[in-house]
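Student: What follows is each chain in one-letter form.
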Amino acid sequence: ETGVTQSPTHLIKTRGQQVTLRCSSQSGHNTVSWYQQALGQGPQFIFQYYREEENGRGNFPPRFSGLQFPNYSSELNVNALELDDSALYLCASISGGTENTEAFFGQGTRLTVV
Amino acid sequence: ILNVEQSPQSLHVQEGDSTNFTCSFPSSNFYALHWYRWETAKSPEALFVMTLNGDEKKKGRISATLNTKEGYSYLYIKGSQPEDSATYLCAFKAAGNKLTFGGGTRVLVKP
Chain A
8 ETGVTQSPTH
18 LIKTRGQQVT
28 LRCSSQSGHN
38 TVSWYQQALG
48 QGPQFIFQYY
58 REEENGRGNF
68 PPRFSGLQFP
78 NYSSELNVNA
88 LELDDSALYL
98 CASISGGTEN
108 TEAFFGQGTR
118 LTVV
Chain B
19 ILNVEQSPQS
29 LHVQEGDSTN
39 FTCSFPSSNF
49 YALHWYRWET
59 AKSPEALFVM
69 TLNGDEKKKG
79 RISATLNTKE
89 GYSYLYIKGS
99 QPEDSATYLC
109 AFKAAGNKLT
119 FGGGTRVLVK
129 P
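As given, the protein sequences belong to chains A and B, one line each in that order. The first sequence begins at 8 in this note's numbering and counts up by one. The second sequence begins at 19 in this note's numbering and counts up by one.
This is chain A alone, in the form it adopts within the complex (with noise of 0.2 Å):
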């Protein structure tokens, strides 16, 4: 076990609405990142938070936002959800300590868009 915990595991939405996913990082971790996992490929980075603030972007659209909070849990948001926003979503923990400290991952959340 990781200890990064995220919520919640499976998820369906309908095209058009609206999705928070969330995550506990791990204790003394103050960076999340998150990751987007279509069927048949490698995880695509989305965004980064370090201490509260986004500090790396992949390339996904503005619908696409997230918050990190004091504890430093964090959430993805999705807005206007497309049927191409399927995927399995995964977060990070990461001590942003070092540069080379390794990332602990949950089990993700498996979002389907119908």
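Check each hint, because a few of them may be wrong.
To be verified - Between beta-carbon pairs, the in silico distance windows are:
1) R64/A / T83/B: 44 to 52 Å
2) N85/B / S14/A: 36 to 44 Å
3) S102/A / K76/B: 22 to 30 Å
Stated by the list, open to error - For the chain A half of the interface with chain B, some residues (derived, Cβ under 7 Å), not all of them:
4) P15
5) T16
6) A45
7) Q48
8) F52
9) E109
10) G113
Think of the hints as simulated: they come from the structure by calculation, not from any bench. No experiment lies behind these values; they were computed from the predicted model shown. Glycine included, every Cβ here is placed at the ideal spot set by N, Cα and C.
Following the hints, position chain B against chain A.
Tutor: Chain B alone, transformed into the frame defined by chain A:
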């Protein structure tokens, strides 16, 4: 856009056989190369974090090498066992903590 590629995409290995597969990544602005094992219904789990050219790391029957000058890393599994069946992901780290992942190599070890 950073390009991290893994090959092959999938691999069937007979139990007891050894195998290896590749991760290629940009050779500039290198900070670290990560390897993760991802078993079905579980979280990706870190195997190695490699930082130096020529690094070799080992964990049990799994080992990895790193060539930062030419931009590749090999992961080796010696004497494959069914429990080695998983997707193996490599991830390249340039600046900050952002990881750029390859597409993964799915390994299936057949008894």
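Student: All hints, please: hold or fail.
Tutor: Status of the hints after comparison with the structure:
1. R64/A / T83/B: 44 to 52 Å: violated (32 Å)
2. N85/B / S14/A: 36 to 44 Å: holds (40 Å)
3. S102/A / K76/B: 22 to 30 Å: Once the Cβ atoms are compared, 24 Å apart, the range 22 to 30 Å for K76/B and S102/A holds.
4. P15: violated (15 Å)
5. T16: Violated. Min distance 10 Å.
6. A45: violated (11 Å)
7. Q48: Check passed: Cβ of Q48/A comes within 6 Å of chain B, closer than 7 Å.
8. F52: Cβ of F52/A sits 6 Å from chain B, so the hint holds.
9. E109: Where the cut-off is 7 Å and the nearest Cβ of chain B is about 4 Å from E109/A, the hint holds.
10. G113: holds (6 Å)
Hints 1, 4, 5 and 6 from the list above are not met by this structure, while the remaining hints are.
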